[in-house]
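Asker: Sequence:
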Amino acid sequence: EWVPSIQKADSISNREPDSSCKLFFSDDPVKIVKAKGQYMYDEKGRQYLDCINNVAHVGHCHPDIVKAAHEQNQLLNTNSRYLHDNLVDYAERLSKTLPEKLCTFYFLNSG
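Counted from 1, the sequence shown has number 14 at position 14 by our numbering; the numbering is strictly sequential.
The hints are simulated quantities; they were obtained by calculation from the structure and are not laboratory data.
Note that the Cβ used here is the ideal one computed from N, Cα and C, for glycine as well.
There could be a bad hint or two in this list.
What the hints assert, rightly or not - Only pairs whose alpha carbons sit at most 16 Å apart, straight line, appear in this in silico EDC-like list of lysine to aspartate or glutamate:
| # | residue 1 | residue 2 |
| --- | --- | --- |
| 1 | Lys36 | Asp50 |
| 2 | Lys36 | Asp64 |
| 3 | Lys44 | Asp64 |
| 4 | Lys8 | Asp42 |
| 5 | Lys31 | Glu43 |
| 6 | Lys31 | Asp50 |
| 7 | Lys31 | Asp42 |
| 8 | Lys8 | Glu43 |
| 9 | Lys34 | Asp50 |
| 10 | Lys31 | Asp10 |
| 11 | Lys8 | Asp27 |
| 12 | Lys8 | Asp28 |
Unchecked claim - Derived CB-CB ranges, DEER-like:
| # | residue 1 | residue 2 | range |
| --- | --- | --- | --- |
| 13 | Ala9 | Ile52 | 42 to 48 Å |
| 14 | Ile12 | Asn54 | 21 to 27 Å |
| 15 | Thr97 | Asn54 | 43 to 49 Å |
| 16 | Asn86 | Arg46 | 37 to 43 Å |
| 17 | Ser13 | Asn86 | 40 to 46 Å |
| 18 | Lys22 | Ile65 | 26 to 32 Å |
| 19 | Gly45 | Arg93 | 37 to 43 Å |
Let the sequences and hints guide you as you build the complete structure.
Answerer: See the structure below:
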């Protein structure tokens with residue numbers, strides 16, 4: 001079983017009180033330590049159905065996604081502020097699946 005290096009109370013007290021990154025369930029925050037499929041697990045091993053993160057389509061730690069990410073990270077791991085052919089290739093492939101009026105893409109890493 002996973003043993004946290006930082007206890008939950010210490011994690012909470014180390015946060016900036018006026019942080020712009022707000023905790024879910026601030027009265028009793030959940031400390032997530034791992035995830036697999038559609039579930040996340042806290043430091044006590046309790047299982048939660050993940051209905052918040054963007055994993056509904058493949059889940060956490062999907063083996064095909066992990067493999068693809070691993071292969072890509074061995075080649076290049078950067079953001080979209082640099083030119084790279086894969087950004088253009090992906091946009092072209094994506095545009096073929098959408099109506100013509102949806103032809104502008106912004107690639108971001110989060111909301």
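Asker: Does each hint hold? Answer for all of them.
Answerer: The hints, checked one at a time:
1. With a C-alpha separation of about 10 Å, the suggested pair Lys36 and Asp50 falls inside the 16 Å cut-off, and the hint holds.
2. Proposed proximity of Lys36 and Asp64 is supported: the alpha carbons are some 13 Å apart, at most 16 Å.
3. About 28 Å separates the Cα atoms of Lys44 and Asp64, which puts this hinted pair outside 16 Å; it is violated.
4. With a C-alpha separation of about 10 Å, the suggested pairing of Lys8 with Asp42 holds against the 16 Å cut-off.
5. Annotation: proposed proximity of Lys31 to Glu43 holds, straight-line Cα distance about 6 Å (limit 16 Å).
6. A threshold of 16 Å between alpha carbons decides the hint, and for Lys31 with Asp50 the separation of about 13 Å falls inside it, so the pair holds.
7. Proposed proximity of Lys31 and Asp42 is supported: the alpha carbons are some 5 Å apart, at most 16 Å.
8. Only pairs whose Cα atoms come within 16 Å are accepted, and Lys8 paired with Glu43 is accepted, the gap being roughly 8 Å.
9. Using a Cα cut-off of 16 Å, the hinted pair Lys34 and Asp50 holds, with the two alpha carbons roughly 12 Å apart.
10. Distance hint between Lys31 and Asp10 is fulfilled; the C-alpha atoms sit about 11 Å from each other, no more than 16 Å.
11. Pair hint Lys8 plus Asp27 holds up; C-alpha atoms about 13 Å apart against a cutoff of 16 Å.
12. Taking the CA atoms of Lys8 and Asp28, the gap is about 10 Å. The hint holds against a cut of 16 Å.
13. Restraint check, Ala9 to Ile52: a C-beta distance of roughly 23 Å breaks the suggested window 42 to 48 Å.
14. The hinted range of 21 to 27 Å is satisfied by Ile12 and Asn54, whose Cβ atoms lie roughly 25 Å apart.
15. Range check, Thr97 to Asn54: about 19 Å between beta-carbon atoms, so the 43 to 49 Å window is missed.
16. Distance hint check: the CB atoms of Asn86 and Arg46 are about 39 Å apart, consistent with the given range 37 to 43 Å.
17. Checked against the given bound of 40 to 46 Å, the beta carbons of Ser13 and Asn86, roughly 42 Å apart, stay inside it.
18. Taking 26 to 32 Å as the suggested C-beta distance range, the pair Lys22 and Ile65 conforms, at roughly 28 Å.
19. Between Gly45 and Arg93 the beta carbons are some 41 Å apart, a value that agrees with the proposed interval 37 to 43 Å.
When held up to the earlier numbered hints, the structure conflicts with 3, 13 and 15 and fits the remainder.
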